[in-house]
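Novice: So the chains spell out like this:
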Amino acid sequence: MSGTAEQHAEVISIAEQRAARDARVAASRVGASDRPRCEALTVAGRPCRNYAVSDGRCRVHAERETAPRADTVTAPERPAADRPTSIGARSGGPARDAARKAAVERLAPERRGVPGGRPESDRADAAFARAERELTRRGFGAAIDGVELLRDAADERWLEALRGMASVVRRRITGDYDVDEYGFDEDLTTNLMMPLLRPLHRHYWRVTSHGVHNIPATGGALLVANHAGTLPADALITRLDVFDRTGRHARELGADLVFRTPFIGEWARKTGATLASGDDADRLLEAGELVAVWPEGYKGLGKPWRDRYKLQRFGRGGFVATALRAEAPIVPTAIVGSEEIYPLLFDLRLLARLLDLPYAPVVAQLFTLPLLGPFALLPLPSKWVIEYGEPMESMEDAQEIADDPMAVFDLTDQVRATIQGMLHRNLMGRRSVFL
Amino acid sequence: MAAGRRVLITGIAGQLQGLVAQALEQRDDVAAIVGVDVREPQHELARTEFVRADLRNPVVGRTLDTADIDTVLHLSLATSSPDGRSRAQVKERNVIGAMQLFAACQKAPQVQRVVLKSTTAVYGSDYADPARFGEEGGPRSPTRTGVGKDAVEVEGYLRTLGRQRKDVDVTILRFANLLGPRVDSSFHSLFTLPVVPTVLGFDPRLQFCHEDDAVGVLEHVATDETPGLYNVAGEGVLYLSQCVRLAGRVAAPVPLPLVSAVAGLIRRSGRADLPPDQLRFLQYGRVVDTTRLRERLGYVPRYTSRQAFEDFVEQRQIHGLIDREDVARWERELGAFLRASPQWPTATRREQVRP
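Chains D and A, in that order, give the protein sequences. In this note's numbering, each number is its position in the first sequence, counted from 1, plus 9. In this note's numbering, each number is its position in the second sequence, counted from 1, plus 27.
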């Protein structure tokens, strides 16, 4: 491009400026800028513009090359033509592609097994593939899932899904489900809450997550994460992400305000949350459950915009003592993106005190209320990245340390520092808030 | 005394107490059973003697001596106020009656064992409660109203008796909501209303104890030496909404500000007893730990909470608007339709391919 610009330099002056800008960009890429960029090429064949994190590569590309994991890199690279022109339009692409390929492969042997082949189905497949290619090119991620649904509709799987739904409806009407002593209704959570959250997870906040292998597949573990965004959407999305990636339900520990509030309290109990008290947490961990805590609590949720991604005090370290007593590993988790869903500009303290709430937020969206009406209350569609860090294993003399307040404080700080570090790393690797 | 235990049962006219007496009559190691109540018992009792007296009456103390009683089953602690007695009267009978009874027991040297039927209402019901109450971990905010408070006070008096008379075995059983074909409870009356009143936005976690288990565990502690404090409830937890669905009935959620007014209306109509402390229970519910019952006392309840509730629904012939069989049939029919319908060519083809 710069070559053509030089040829026509004296004719079109605007091209000259463009060339100068390109040269600047190239220079910065070589290393003139203080922050190195990623060396890899994007799927569209352009140099990646993400900042490098490790080995001269950004988080996205480093993950791809160094740690080949089933969910990120099974699929071979598709032809460039099939690729989206804008990367941001379809983030989380590789994972989705892999999932789709796997689904097609699952179906394939059945198709071959049908005597005489199924020409009409092949034609349909070809049509679907064409439509999908076209849509992918234009970056309609959501529409593609619709197409997938249609394709499934032509097959047994759709009927299976319908039968499954009928069975769920029957169980809900007749009360034929089990609840554990904390009030966790697994049937409701798996079949109602998770499917409702999934579009938010996939299409609205386009969550990508790293390091799922750090969550133990069995046994008690304590997932500790940062909390932000005025409303606790991050807790729900993290739970869904953990469930979809590991099949385990993370049991949340919630503040007592949650259980006092009508509807919310009921919903929280039914979806597996319980009060953040020592007894409940101890017993959950001893029973080998995965427990999730957001130790910042309301201080994290209701912190002003200027303090975004600055971890607040981690409670009183009760969660560390709990993990030590149960000798369960702590999985530090960093969630990037949740801060931007409701940027909290002001906190109306007086109103909060009157209403007996922890904070009374004025979020940025409220100013567009006259313009957009109720749509202004929607959370912003930021791009989320969740990273599950290396588990911090329990020590030999864990029981003694649990009774030593100083050691517990130290460990709490250590967990907090780890999560803060993970947050910074992921923030550096992030291209923009929304893409 | 060598022939067996001589048992005094208070509140013998009650359903549960009658069943306990019948169960004890069957046993060879129980020599005599004396029932005390102000009403005549209506059950079939073979060898139980009956003393018509109020617990506040000194006759009870004399009975302990004349009948040579060594085991006292205090089962008359009212957990609801049926037949329209006022709260003050119930409290008078509950607390003062128990005080007098325990005072008489302390005076009677032959008394070796006192068993109290208490209630899990002593734990109260609060949003900040732990998910499961153990016997030792008390409530965060001690209950200040209703039968829960009575039970706390009566338990206190019994503990005092245990301290004063070291030779007396003191057993306190805290029962969850009793359900069954014969025993009436405040919870039972909820399901006799045309719709089940609930609190909008709240769904309490409930545990039930089947009446057979209640009788079984009382018989167990009357004849076996395992003093202590035990929670008694079936395994497992049900939500009130789940109970409503299991019974096929319809819930009528009442918004929180109107709850006490609606409860007052129901109470005045005399169709169900909904005391104020019960309303809080309908918001938050309560779950207790029954490990100690199973491991230390060695009694494993035969019914889980859900089995107890299902048995209750079946035996009491509570008919719902929605029949469970109907719903199961609809599901089967939908499944059959999906499989057979010619509108789904792939499905039928797959059927043919399968051998």
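I should point out that these hints are in silico values taken from the structure, not numbers from a laboratory. From the three backbone atoms N, C-alpha and C, an ideal C-beta is built for every residue, glycine too. There could be a bad hint or two in this list.
[Unchecked claim] Partial selection, computed: residues in chain A whose CB lies under 7 Å from chain D:
{"no.": "1", "residue": "Met126"}
{"no.": "2", "residue": "Pro157"}
{"no.": "3", "residue": "Arg209"}
{"no.": "4", "residue": "Asp211"}
{"no.": "5", "residue": "Val264"}
{"no.": "6", "residue": "Gln269"}
{"no.": "7", "residue": "Val277"}
{"no.": "8", "residue": "Val354"}
{"no.": "9", "residue": "Glu358"}
{"no.": "10", "residue": "Phe364"}
Novice: Does each hint hold? Answer for all of them.
Specialist: Hint by hint, here is what the structure shows:
{"no.": "1", "hint": "Met126", "result": "violated (33 Å)"}
{"no.": "2", "hint": "Pro157", "result": "holds (5 Å)"}
{"no.": "3", "hint": "Arg209", "result": "violated (24 Å)"}
{"no.": "4", "hint": "Asp211", "result": "violated (23 Å)"}
{"no.": "5", "hint": "Val264", "result": "holds (5 Å)"}
{"no.": "6", "hint": "Gln269", "result": "holds (4 Å)"}
{"no.": "7", "hint": "Val277", "result": "violated (11 Å)"}
{"no.": "8", "hint": "Val354", "result": "holds (5 Å)"}
{"no.": "9", "hint": "Glu358", "result": "holds (4 Å)"}
{"no.": "10", "hint": "Phe364", "result": "violated (10 Å)"}
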